[in-house]
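Undergrad: Chain residues, written in single-letter form:
Protein chains: 2
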Amino acid sequence: MTYCVGMRIDKGLVLMSDTRTSAGVDNFSITRKMFTWAIPGERKITILTAGNLATTQAMISLLEERSKLTEDRDPSILRQPTMFQVARLVGETLKEVIAGSSPNGQTSSDTFRASAILGGQIEGGKPTIFMIYPEGNFIEITSDTPFFQIGETKYGKPILVRAYDPEMSFEDAVKLLLVSFDSTVKSNLSVGLPFDIEIYETDSLSAGRTVRIEKDDPVYLTISNGWGDALKNAFQDLPNYEF
Amino acid sequence: MTYCVGMRIDKGLVLMSDTRTSAGVDNFSITRKMFTWAIPGERKITILTAGNLATTQAMISLLEERSKLTEDRDPSILRQPTMFQVARLVGETLKEVIAGSSPNGQTSSDTFRASAILGGQIEGGKPTIFMIYPEGNFIEITSDTPFFQIGETKYGKPILVRAYDPEMSFEDAVKLLLVSFDSTVKSNLSVGLPFDIEIYETDSLSAGRTVRIEKDDPVYLTISNGWGDALKNAFQDLPNYEF
Chain X
1 MTYCVGMRID KGLVLMSDTR TSAGVDNFSI TRKMFTWAIP GERKITILTA
51 GNLATTQAMI SLLEERSKLT EDRDPSILRQ PTMFQVARLV GETLKEVIAG
101 SSPNGQTSSD TFRASAILGG QIEGGKPTIF MIYPEGNFIE ITSDTPFFQI
151 GETKYGKPIL VRAYDPEMSF EDAVKLLLVS FDSTVKSNLS VGLPFDIEIY
201 ETDSLSAGRT VRIEKDDPVY LTISNGWGDA LKNAFQDLPN YEF
Chain F
1 MTYCVGMRID KGLVLMSDTR TSAGVDNFSI TRKMFTWAIP GERKITILTA
51 GNLATTQAMI SLLEERSKLT EDRDPSILRQ PTMFQVARLV GETLKEVIAG
101 SSPNGQTSSD TFRASAILGG QIEGGKPTIF MIYPEGNFIE ITSDTPFFQI
151 GETKYGKPIL VRAYDPEMSF EDAVKLLLVS FDSTVKSNLS VGLPFDIEIY
201 ETDSLSAGRT VRIEKDDPVY LTISNGWGDA LKNAFQDLPN YEF
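As you go down the protein sequences, you meet chains X and F in turn. For the first sequence, the UniProt record's numbering assigns the number 1 to the initial residue and increments by one for each residue that follows. For the second sequence, the UniProt record's numbering assigns the number 1 to the initial residue and increments by one for each residue that follows.
By construction, these hints were calculated from the structure, which means they are not laboratory data. All clues stand as given, with none of them false.
Within a straight-line C-alpha distance of at most 20 Å, the following computed DMTMM-like cross-link-like pairs (lysine to aspartate or glutamate) qualify:
| no. | chain 1 | residue 1 | chain 2 | residue 2 |
| --- | --- | --- | --- | --- |
| 1 | F | LYS215 | X | GLU242 |
| 2 | F | LYS68 | F | GLU92 |
| 3 | F | LYS232 | X | GLU167 |
| 4 | X | LYS186 | F | ASP165 |
Given only the sequences and the hints, what does the whole structure look like? Please build it.
TA: So, in structure tokens, the structure goes:
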């Protein structure tokens, strides 16, 4: 499994991914699932991936190669005029990779399935986030649905639903995602540290600030350990149900 | 889907279930999933059910009939000497019902599958809780695993993991379960109000206190609405992650 979140707040985008990949609980390793491309002053594109690792690595490699080799530069995500066109290209590439691996083409229970979150901004457009399905189609974030999750989405969702606020600071957004990821890690062995986080400020049009949070990171440990106590205090604010 | 939790605290047992049953999102209704038997001074048994409704209703009806008709009274859950033997009987009954509906016997993806949580106490034993699988086998609660969930278990788990405390009061345990259920209701349409709650005090050996919480219950609404604010306050107690 995997856990990735792309979230939009008024100040910009916050993207976060775990790094655990596994083929059974007896075979797991650390793999980066966050990939960033930037042309300073023009565009910033980040992709988070979940699903079959061979599929997502092939997709990223194809996107990467096509952004570098001159002869194969169209279509390239660095040439598309809008984020919508980038999403189409990523979706097509993902679909192409899956179809190349599957003996019967795509089916919903396909071993080779994968999905992606695409976040970024291109000059002239707004910062936005897409969720891209293995069939190559995609949906875009709205103010009603200000974040997308892929992978093990359930454990970490309630806190996002409750505490998200479009006006929150980047610091609070990162804290919120850390709590969401920590809740997931505590419940699903297939999601694990380190975490990768990227913060992208609206209209900066350059690679955002990134950080990798290791499992012994002191701030993460304080948040992880402190959240239980903070929740217990939060209970005190709620009324008792009298029978 | 469904959401049921059986939790043991030092003071006794707290059991809670939702009431939504559905065959697709366009066909849903309210059905009780909590069933209680008691012989005052001797035993108290409660079963929570999840899964195929025809299966769980047939299982409860068989257990119910066998506890009433004299000629068919053995095996009866009201005659078993221990909770372990009750769990065996419930498991056997569940397995029997599923096998009767399935054309190929049991398979893991069977349409007719169901599971149950069994909680109670029999004179001479301690209050305990079992989770019973469709195969008829079961596991018992321990101090390391002080609660069982069935149905849509993921959304409501993180709060249970974080805030559970064996020394908590019944009021706090109910509040905790209300928050866990509320988080689930907010994320999965197949879990819905009203909720049934039963509180069983250790060694009381009689039917516990029960309450049905309707969707316009003022205390529930205060907890549901207040939890978001309480969480936001809880965030203030956590340190910021500085980049």
